[in-house]
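Go ahead and model the full structure; you've got the sequences and the hints to work with.
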Amino acid sequence: DTAVSQTPKYLVTQMGNDKSIKCEQNLGHDTMYWYKQDSKKFLKIMFSYNNKELIINETVPNRFSPKSPDKAHLNLHINSLELGDSAVYFCASSQEVGSGQPQHFGDGTRLSIL
Amino acid sequence: QKEVEQDPGPLSVPEGAIVSLNCTYSNSAFQYFMWYRQYSRKGPELLMYTYSSGNKEDGRFTAQVDKSSKYISLFIRDSQPSDSATYLCAMTLTGGGNKLTFGTGTQLKVEL
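Line by line, the protein sequences are chains U and H. Using the working numbering, read the first sequence as starting at 508 and increasing by one per residue. Using the working numbering, read the second sequence as starting at -14 and increasing by one per residue.
Just so you know, these hints were derived from the structure itself, not from any lab. Be aware that one or more of the hints could be misleading.
As the list claims (entries may be wrong) - Listed below are the simulated PhoX-like cross-link pairs for lysine-lysine, each with C-alpha atoms no more than 20 Å apart in a straight line:
hint: 1; chain 1: H; residue 1: Lys27; chain 2: U; residue 2: Lys548
hint: 2; chain 1: U; residue 1: Lys543; chain 2: U; residue 2: Lys526
hint: 3; chain 1: U; residue 1: Lys551; chain 2: H; residue 2: Lys84
hint: 4; chain 1: H; residue 1: Lys84; chain 2: U; residue 2: Lys543
hint: 5; chain 1: U; residue 1: Lys529; chain 2: H; residue 2: Lys27
hint: 6; chain 1: U; residue 1: Lys547; chain 2: H; residue 2: Lys27
hint: 7; chain 1: U; residue 1: Lys548; chain 2: H; residue 2: Lys84
hint: 8; chain 1: H; residue 1: Lys84; chain 2: U; residue 2: Lys578
Laid out in structure tokens, this is it:
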């Protein structure tokens, strides 16, 4: 039983397209996150939601829009994809939004822009 | 300069060796410190979690935090080939929505 699952695992698309990545967690957690891992393996937070409410919105282009239909799901929609968007995107969840709550990660979505 | 610095390696050790992995950080407000292990093509997996300064041991793994020096370490005893992975340190401060700040990761290879 996968705790944090992301779809698709791989996404190859053309520059300028719009695409979505989905994330679901079955841990009963209240808080979910999106991270971006670049080619040098550096992980950086993009967004977090607590019980469908946006909590963290780092300096991310407006082309990225997260949506949380319920607390078990957090999707990421990306408009007008650019070459620099190529990366691995990880979804994570934690029981609560409180500081230090351990975060559990999915296995990532590998996005390649042609 | 990044908030959290970590030697990227690669670090290659023989099976059975003691491995020492380290991170330094600049923000003295960090209070919670974690080590994640990431296998190739997988997500980070939480290994160790420490609050404030001190040591924590779990099986072959020991995490140390020295807040006065802004320095954290992960020790792996009796290293195994299955320990070959990238090790990421991460930290967060009180408040701030549980935002994790990661190091760049150290790639470890344990050879037979």
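Hint by hint, here is what the structure shows:
A threshold of 20 Å between alpha carbons decides the hint, and for H:Lys27 with U:Lys548 the separation of about 12 Å falls inside it, so the pair holds. Taking the CA atoms of U:Lys543 and U:Lys526, the gap is near 15 Å; set against the 20 Å cutoff, the hint holds. Between U:Lys551 and H:Lys84 the alpha-carbon distance is near 9 Å, which keeps this suggested pair within the 20 Å criterion. Annotation: proposed proximity of H:Lys84 to U:Lys543 holds, straight-line Cα distance about 13 Å (limit 20 Å).
Among the hinted pairs, U:Lys529 with H:Lys27 is consistent with the structure: their alpha-carbon atoms are about 17 Å apart, no more than 20 Å. Between the alpha carbons of U:Lys547 and H:Lys27 the distance comes to roughly 15 Å, so the proposed pair stays at or under 20 Å and holds. Between the alpha carbons of U:Lys548 and H:Lys84 the distance comes to roughly 18 Å, so the proposed pair stays at or under 20 Å and holds. Between H:Lys84 and U:Lys578 the CA atoms are separated by roughly 18 Å; this keeps the pair inside 20 Å, and the hint holds.
No hint from the list above goes unmet by this structure.
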